[in-house]
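Asker: Chains as they are written, first to last, in the numbering used here: chain D, 1 to 457; chain P, 1001 to 1457.
You may find that some hints are simply not true.
Unchecked claim - Quick partial rundown of chain D residues pointing at chain P, CB under 7 Å, derived from the structure:
(1) V56
(2) T66
(3) A414
(4) A417
(5) D428
(6) V438
Unchecked claim - Chain P regions said to be covered by chain D (calculated; three or more residues, Cβ under 8 Å):
(7) 1045 to 1056
(8) 1400 to 1413
Derived by calculation from the structure, the hints in this document are not laboratory data.
Model, not experiment: these values are computed from the prediction.
All C-beta atoms, glycine included, are put in the ideal place defined by N, C-alpha and C.
One-letter residues, chain by chain:
Number of protein chains: 2
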Amino acid sequence: MSDRLVVIGGDAAGMSAASQARRLKDASELAIVVFERSRFTSYSACGIPYWVGGDVTERDALIARTPAEHRSRDIDLRLRTEVTEIDVAGSRVRARDLESGTESWTGYDKLVIATGARPIRPPLPGIDAAGVHGVQTLDDGQALIDTLDHTEGKRAVVVGAGYIGVEMAEALIQRGYDVTMVHRGPQPMSTMDPDMGALVRDAMCGMGIKVFGNAEVTELRTDEQGRVSAVVTDSAEYPADVVVLGIGVRPDTELARAAGLPLGEYGGLLTDLAMRVRGHENIWAGGDCVEVLDLVSGRERHIALGTHANKHGQIIGANVGGGYATFPGVVGTAVSKVCDLEVARTGLREKDARASGLQFVAVTIESTSRAGYYPDAATMTVKMIAERHTGRLLGVQIVGREGAGKRVDIAAVALTAHLTVDQMTALDLGYAPPFSPVWDPVLVAARKAVTAVRERR
Amino acid sequence: MSDRLVVIGGDAAGMSAASQARRLKDASELAIVVFERSRFTSYSACGIPYWVGGDVTERDALIARTPAEHRSRDIDLRLRTEVTEIDVAGSRVRARDLESGTESWTGYDKLVIATGARPIRPPLPGIDAAGVHGVQTLDDGQALIDTLDHTEGKRAVVVGAGYIGVEMAEALIQRGYDVTMVHRGPQPMSTMDPDMGALVRDAMCGMGIKVFGNAEVTELRTDEQGRVSAVVTDSAEYPADVVVLGIGVRPDTELARAAGLPLGEYGGLLTDLAMRVRGHENIWAGGDCVEVLDLVSGRERHIALGTHANKHGQIIGANVGGGYATFPGVVGTAVSKVCDLEVARTGLREKDARASGLQFVAVTIESTSRAGYYPDAATMTVKMIAERHTGRLLGVQIVGREGAGKRVDIAAVALTAHLTVDQMTALDLGYAPPFSPVWDPVLVAARKAVTAVRERR
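Looking at chain D on its own, in the form it has when it is part of the complex (with noise of 0.2 Å):
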């Protein structure tokens, strides 16, 4: 007799393990059922900003594997079903399908925990009037365009300035809106130190976007049709015609923390390095319901990313299917865009490295994508966070123009390695005047962090 898979959540983390799962063993040896809530499988959620902007023209372009692919390799997919249960004990879950209603549970001989995470939607007056919106699935992008194409007004705003905002504030410009973004912190991109933070903001401002931090927004207005019309922080209103909420997201882990499953303290689940959930031989979990080990600082995270979640899956998968492999961890890598912005990060901001206990110094320096005499040539600006005494790299940010973001790449493999900023400054970089000056400005960044930290021996 076969073993049974049983998937929740049909995304990239949850049927990345499917199929990889899959591909080592045959439906004789292992019969494969993933549920999933939404008519959609393995897509882009990180693609929604594009679709709506308008880089993307289709929906469907952002599926990666439709349910008809996966199903044509013997996986039972079971779209608009919803898990509501899972009985560790009784090795079952319990779905229900959404369209009528029914209820029935399923055994598992190996569990796979893929649901992903929940934007955070605080319980605002007005947050669910029409014309608000989120941008986390297919279904909540789709009701964002629809708004956008039968709203007459032109102004939207934006609240929350992390990757999702300001990618949504780039789409509404190039939907010809006039954008506001509110935010709590002092700058947007709170994964960024504020100081860099500061450049985001003011190179925003430059492309006519009004961001206003430090706020606290306390309820969305709404007007007579009950549709949306203001949003109102602690300090001010700003008139809207169509509210965007970027606010962020938390693992979405109800059933995992009824089902008595360990989570940690971001409320994801805890695994060991195969992704399996921790004190339990027959469950793995990956995606954004999970935290990661962050191998810079040697705590848990949680980071809700699609290259993750692919990587998780694959892991799961291989394993699942009697296979061996592992998620060593992160160094928490992100780069996003807004307009022509290019905006990247990996490893420690200051506030993480004095949390974590580390003493450091932080260096930051302006150089060019390009020779400076070659055409293009755009600023860059680089900070670099290295160890007191050691000088083990710690983190870098960068903020710049086209060639920024990807060279973030230099610093995470660096991480990776646990490179010293010495050892940085003789890497063997791609130089030629179209792609880097002489000296890299990673390199540049690099020499001067070297020479902070003999200063401060």
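Start from chain D and add chain P according to the hints.
Answerer: Below, chain P without anything else, positioned relative to chain D:
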């Protein structure tokens, strides 16, 4: 009494060394004399193709620091002065003033040799004819521009298909020339494996550049006025109004050889890690005239590249100035472009790996520079070479459009840190749809390499 530092060569390595030494020791402690054959200092030879092509409009834009700037820092800079002999036993150099022809001896306490490289110019009939140009120095660049400005015909032949050759092909295309490239190897870009070079050839052909490989130039035919009229190879004859030579360079070490200093198998000076010439306490050398340690193969190589020259100069200057710095070696990173095609490599080619006695697997994948659904997602081919058994990364070659070239830096850092391809699959690289597919192309290649390594246990 102060020490005297003599520097032979006033381009990247020499002037960086002089400047760095001056930062550490003022004129009362260290006199600095620099002899430079040309009229220029600290210029970017790598920028010449972009000046010829018109992307850079002014010659002086290629000059990072002028003679006057150097002199203002108490550096005794003697332009148009050629060193003709190094007397190691007597700690002095003989120099000839190229204007007056007078020669004189200058004693040194410390000597830096930064004589650079000389272009290879085979003794072919017609090699010195009008219309035949090298592009090593600013004067060469000016001479070529003068020829292009005053030549009626629009047929250019580039001899050689290395970095300079392909960059000059682009420059000539930009100036409206009909460009033919003839070269010795089976494919252009012999710094890549032939399968990757073939992609470059195909792309160049698509740009209208006629590329002929396996061709040995036997003669440069001239007309009655003594101007070049055709390039003759062992198999064909190509009409030419102008010919650009990009055959490669050799370390310019005649002086060093005559002085009995140690040279390596490529004719470059051999130094220790502090860039001190082996066996000579008070002589340093850096830039295009030295051989450097290849950290992947463990052997010496000759690589003429401005970025290394600048690093060498800094390190020599620190050591000469009483500080301490070392150059650990290179991994062989290089990046270039022909029109919108980006070409990059780092580490070992298959041929190099074989020559080093390494057993390896090689894999090639195709992916895109951005998420597949994002506008302008361009195809990118990544070849990865990994050691058998250990899975250690040995080399990466990339050919693609925007975003391809600098991706090689990921591999450059991984090589420096001796990562295995297994470790590389878990790298936390920057992901967002405008910057990368959810699996970065380098990760896709690493995953395929892991499979190949396992299959060849």
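Asker: So which of the earlier hints does this model not fit?
Answerer: Per hint list: single violation, 2.
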